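J.: Chain R is already provided as a structure; the job is to place chain X on it using the hints.
Quick note, the sequences are listed as chains R and X, same order. Count along the first sequence starting at 1, add 671, and that's the number in my numbering. Count along the second sequence starting at 1, add 847, and that's the number in my numbering.
Since the hints were derived computationally from the structure, they do not count as laboratory data. Remember, it's a predicted structure, so these values are computed and weren't measured experimentally. Don't take every hint at face value.
Restricting the straight-line Cα-Cα distance to at most 27 Å, the calculated cross-link-like pairs of lysine-lysine (DSS-like) are [unchecked claim]: (1) R/Lys-673 / X/Lys-1011; (2) R/Lys-829 / R/Lys-779; (3) R/Lys-703 / X/Lys-1045; (4) X/Lys-1201 / X/Lys-1211; (5) X/Lys-1211 / X/Lys-1142; (6) X/Lys-874 / X/Lys-1289; (7) X/Lys-1199 / X/Lys-1139; (8) R/Lys-674 / X/Lys-1011; (9) X/Lys-1142 / X/Lys-1202; (10) X/Lys-1201 / X/Lys-1139; (11) R/Lys-707 / X/Lys-1054; (12) X/Lys-1199 / R/Lys-697; (13) X/Lys-1201 / X/Lys-1281; (14) R/Lys-713 / X/Lys-1045; (15) R/Lys-713 / R/Lys-854; (16) R/Lys-854 / R/Lys-707; (17) X/Lys-1289 / X/Lys-1202; (18) X/Lys-1142 / X/Lys-1011; (19) X/Lys-1289 / X/Lys-957; (20) R/Lys-829 / X/Lys-957; (21) X/Lys-1289 / X/Lys-1201; (22) X/Lys-1045 / R/Lys-707; (23) X/Lys-1199 / X/Lys-1142; (24) X/Lys-1011 / X/Lys-1139; (25) R/Lys-829 / X/Lys-874; (26) X/Lys-1199 / X/Lys-1011; (27) X/Lys-1201 / X/Lys-1011; (28) X/Lys-1054 / R/Lys-697; (29) R/Lys-703 / X/Lys-1054; (30) R/Lys-673 / X/Lys-1139; (31) X/Lys-1289 / X/Lys-1142; (32) R/Lys-697 / R/Lys-707; (33) X/Lys-1139 / X/Lys-1202; (34) X/Lys-1289 / X/Lys-1211.
A few chain R residues that don't get close to chain X, going by computed Cβ distances all over 10 Å [stated by the list, open to error]: (35) Lys-779; (36) Val-790; (37) Thr-896.
Glycine included, each C-beta is placed from N, C-alpha and C at the ideal position.
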Amino acid sequence: MKKLIVILLLAVTGYFMVISFMDLGKDGPVVKNGVKDFYLDKTVSELKVANTITSIVVNFRGFDTLGEVTVLFLAATALGGILYKKRHHVGERSVLFPSSTIVKAGSKLLFPAIILLGVYVFVHGHLSPGGGFQGGTIIATGFLLMLLAYDNFSVSHKVLSYIESFAGIFFVLFGLSGMFMGKTFLENFMPVGNLNDLFSGGIIPIIYILVGFKVAAELTGLIYTVLNEKE
Amino acid sequence: MVGSPVLLIAIPLLAAFLIPLIGMIWKESVRLIPGLVLAFMLVSSASMLLYVTNNSTIIETIAGWQAPWGINLVFSPLTGFLATLMIFLGFIVWLFSYRFKRNVDFEPAKKYFIFLMMLVAGAVGIVITGDIFNQFVFIEITSISAYALTAFYTGRNSAEASFKYLLMGSLSSSALLIAIAIIYSQLGTLNMADIADKMYLMPTGYKITALIFFFMGIGIEAEIFPLNGWAPDAYTEAPGPIGAAFAGIVVKAGVYAMIRLVFTLFDIPNSMQFLVVIGLVTLIVAETSAIKQDKLKRMLAYSSIGQMGLVFVAFGIGTAEGVFAALFLMLNHAIIKPLLFLSGSYLVFNSKEKKISEVNGLGKHMPITSLLFALGAFAIVGLPPFSGFWSKLSVLTAAANEGMILIIALVLIVSVVEIVYYFRVVNRIYFFEKSDNVVVQKPRINAMIAMLILGSIILVIGFDPDIVSIYLHKASHDLMNTREYIDNVLSIGQSLTK
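Next comes chain R alone, as it looks inside the complex (with noise of 0.2 Å):
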């Protein structure tokens, strides 16, 4: 009775949102001149970046990938703390079982050209799609791999712990160093440059880099710290 009374209401609410959220934005917004137009010129006119996407994610709304960063931090630090008891024999897999010739071969070819491609995706996040998450995401799979292919690979937790804790650290130092230079926090305070260059835009490639940076070694130390972890 009771699950059936739950299904009716997840029913009448899922009839509600269908109906509600078919007609959403089918006579357009109804504010026409939103912000956006404002991201498009201002991105290749004032910062010189090639990527609005990034322009917006770094520039504009900076202070909110600030935060997501903070997010993914304490997440990583809160999975440790967690598993924490459970870590008393560091070293062991919880899942062992040997992979073949082909994997570890072919994983010892692979994982260099992942870590280029990851470091090529933040690198140039301010000319092309992706950035700092992406291909921080990128070189951690490249971890993924080594670690599924390898039994006795390890990353030093200690490394990680430092990339990461620098690379938030320089963060908020970018952020804070444009305070002192008499404008706002995270506010551009470097030459901008010519647009399409590898070096312009000034703080953002930087502060991407930093996320990459970071991204790459929090997901690293996640997917350790959970195949590490022993009952």
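T.: The following block gives chain X in isolation, referenced to the frame of chain R:
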């Protein structure tokens, strides 16, 4: 300008990233740095609050883009008051738990203090931000810290409580995101003042859909009735000081987000009545549940939910007087409930079950802690001359001026229920015999100082409520004046547009 609101967010973030590094060299720093950061935030926030009470609102833009294009922080009498209150409580909780876990591993202690600091920073961010998506990010920061702190003892029960909280929290985050998407799809902006300015353009159907999703998303943090299933478990299973932090910080941030939506962003005429109804339901359900509890912290948790219901009722009255009463209630609840949690956690310190029956006769063995608990209990039910009396009185007068007799009757009846279950505990502390298998735990000196500070604030506000009422009047004026808020935020935007 006296200070910069952005430092209230940036400095704790910087410290959170620094602590793992410094902790490798100097272990004591993981306890000290959060305290220093919270003290800095408290001083800076209090001086800014003094400034905005006498002068104009501080509005800070970020990344150099004026509203509505960039993110901005609004430090007004209302947001400044709440931010200062939260930081103060964060500091008290830090002081209380400074020496706790001294003999426990370094790693959990480090994480505890990082999460505590981020909990405060996130809640302050929720309050002072002027951007609706930025608020979502800070709600995420606060809730993730809260999940982690709930699971701090890594036992079966705390894992269950944390997981329950996590499930409800993630669901609510998605609802919140949908609501933000609806608003952005229609109005093309994320700035709160800009949304409030353009809200009349939005079709009513979308408006109501968005508001319902917002209520689903924020109601979890604000502990309104159907969405507060996580709270009793989380309060019970989290460490004692964290229960105090939830009641004083997280819930207050949720309530703020909710009232900002109803008062400033949405202009739906009947939403005030909705607040009253939802507040009354929460109040009655929670207080009747509280009377049935046999665990001390669970009882306090239900009482906390009930108080939030009363806050919503007071906001729902809709007049400046009602808002003043609600803010006063929030202030008192933020001082008294943490005191109850902190002293209560010492009363049942060594017991496994944390039952109310285990506090029997502790009045003779822990005189100061028991006295502080009794003081908190008397204050929260609203006995004169303690601070709780004035806030309940102002709720009743505000309701009486609007002729809402039913509210007065219900609030008074519920107060009697409250008296019953609080006095039951006080009665047990003083007039029952202590059983032999209860081990008394003497509070540490820092915990004692933290509790005494809260206790003395209750007495000071109780004897002279005028020292806070000037800030509360300013804050309620600030909340009622939507036009002023919009003009404050957007005027600098228009004059400085390049």
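J.: Confirm or reject each hint.
T.: Now the hints, each set against the structure:
Of the pairs offered as hints, the one joining R/Lys-673 and X/Lys-1011 holds, with about 20 Å between alpha carbons and a cut-off of 27 Å not exceeded. A distance of roughly 24 Å separates the Cα atoms of R/Lys-829 and R/Lys-779; the hinted pair therefore holds under the 27 Å criterion. Restraint check for R/Lys-703 and X/Lys-1045: the C-alpha separation of about 12 Å stays at or below 27 Å, so the hint holds. For the hint linking X/Lys-1201 to X/Lys-1211, the alpha-carbon distance of about 19 Å falls within 27 Å, and the restraint holds.
Between the alpha carbons of X/Lys-1211 and X/Lys-1142 the distance comes to roughly 21 Å, so the proposed pair stays at or under 27 Å and holds. With a C-alpha separation of about 26 Å, the suggested pairing of X/Lys-874 with X/Lys-1289 holds against the 27 Å cut-off. A threshold of 27 Å between alpha carbons decides the hint, and for X/Lys-1199 with X/Lys-1139 the separation of about 20 Å falls inside it, so the pair holds. For the hint pairing R/Lys-674 with X/Lys-1011, the CA-to-CA distance comes to about 19 Å; that is within 27 Å, so the pair holds.
As the CA atoms of X/Lys-1142 and X/Lys-1202 are separated by approximately 4 Å, the hinted pair is consistent with the 27 Å bound. The straight-line distance between the Cα atoms of X/Lys-1201 and X/Lys-1139 is roughly 15 Å, inside the 27 Å bound, and the hint therefore holds. Between R/Lys-707 and X/Lys-1054, the direct Cα distance comes to roughly 22 Å. Compliance with the 27 Å bound is thereby established for this hinted pair. Distance restraint check for X/Lys-1199 and R/Lys-697: the Cα-Cα separation of roughly 59 Å exceeds the 27 Å cut-off, and the hinted pair is therefore not satisfied.
The hinted pair formed by X/Lys-1201 and X/Lys-1281 meets the criterion: a straight-line CA distance of about 15 Å does not exceed 27 Å. Proximity of R/Lys-713 to X/Lys-1045 is assessed by CA-CA distance (about 23 Å); at most 27 Å being required, the pair is judged to hold. For the proposed pair R/Lys-713 and R/Lys-854, the alpha carbon gap of about 18 Å is at most 27 Å, so the pair holds. As the CA atoms of R/Lys-854 and R/Lys-707 are separated by approximately 24 Å, the hinted pair is consistent with the 27 Å bound.
For the hint pairing X/Lys-1289 with X/Lys-1202, the CA-to-CA distance comes to about 19 Å; that is within 27 Å, so the pair holds. At most 27 Å may separate the alpha-carbon atoms for a hinted pair to count; X/Lys-1142 and X/Lys-1011 meet this at roughly 19 Å. A C-alpha spacing of about 25 Å is found between X/Lys-1289 and X/Lys-957, which places the hinted pair at or below 27 Å, so the restraint holds. Proposed proximity of R/Lys-829 and X/Lys-957 is supported: the alpha carbons are some 15 Å apart, at most 27 Å.
Of the pairs offered as hints, the one joining X/Lys-1289 and X/Lys-1201 holds, with about 17 Å between alpha carbons and a cut-off of 27 Å not exceeded. Taken as a hint, the X/Lys-1045 and R/Lys-707 pair is honoured in the structure, with Cα atoms around 16 Å apart against an allowance of 27 Å. Simply put, X/Lys-1199 and X/Lys-1142 have alpha-carbon atoms about 11 Å apart, close enough for the 27 Å limit, and the pair holds. Of the pairs offered as hints, the one joining X/Lys-1011 and X/Lys-1139 holds, with about 22 Å between alpha carbons and a cut-off of 27 Å not exceeded.
At roughly 15 Å between alpha-carbon atoms, R/Lys-829 and X/Lys-874 fall within 27 Å of each other, so this suggested pair holds. Between X/Lys-1199 and X/Lys-1011 the alpha-carbon distance is near 22 Å, which keeps this suggested pair within the 27 Å criterion. Annotation: proposed proximity of X/Lys-1201 to X/Lys-1011 holds, straight-line Cα distance about 21 Å (limit 27 Å). In summary, the hint linking X/Lys-1054 to R/Lys-697 is supported, as the alpha carbons are separated by about 16 Å, within the 27 Å threshold.
Taking the CA atoms of R/Lys-703 and X/Lys-1054, the gap is about 18 Å. The hint holds against a cut of 27 Å. Among the hinted pairs, R/Lys-673 with X/Lys-1139 is consistent with the structure: their alpha-carbon atoms are about 23 Å apart, no more than 27 Å. Annotation: proposed proximity of X/Lys-1289 to X/Lys-1142 holds, straight-line Cα distance about 21 Å (limit 27 Å). Taken as a hint, the R/Lys-697 and R/Lys-707 pair is honoured in the structure, with Cα atoms around 19 Å apart against an allowance of 27 Å.
For the proposed pair X/Lys-1139 and X/Lys-1202, the alpha carbon gap of about 12 Å is at most 27 Å, so the pair holds. Of the pairs offered as hints, the one joining X/Lys-1289 and X/Lys-1211 holds, with about 12 Å between alpha carbons and a cut-off of 27 Å not exceeded. Every beta carbon of chain X lies more than 10 Å from that of R/Lys-779, the smallest distance being close to 32 Å; the non-interface claim holds. The Cβ of R/Val-790 sits about 22 Å from the closest Cβ of chain X, beyond the 10 Å cut-off, so the non-interface label holds.
The claim that R/Thr-896 lies off the interface holds: its Cβ sits roughly 12 Å from the closest Cβ of chain X, which is beyond the 10 Å cut-off.
Hint 12 alone, counting from the list given before, is not met by this structure.
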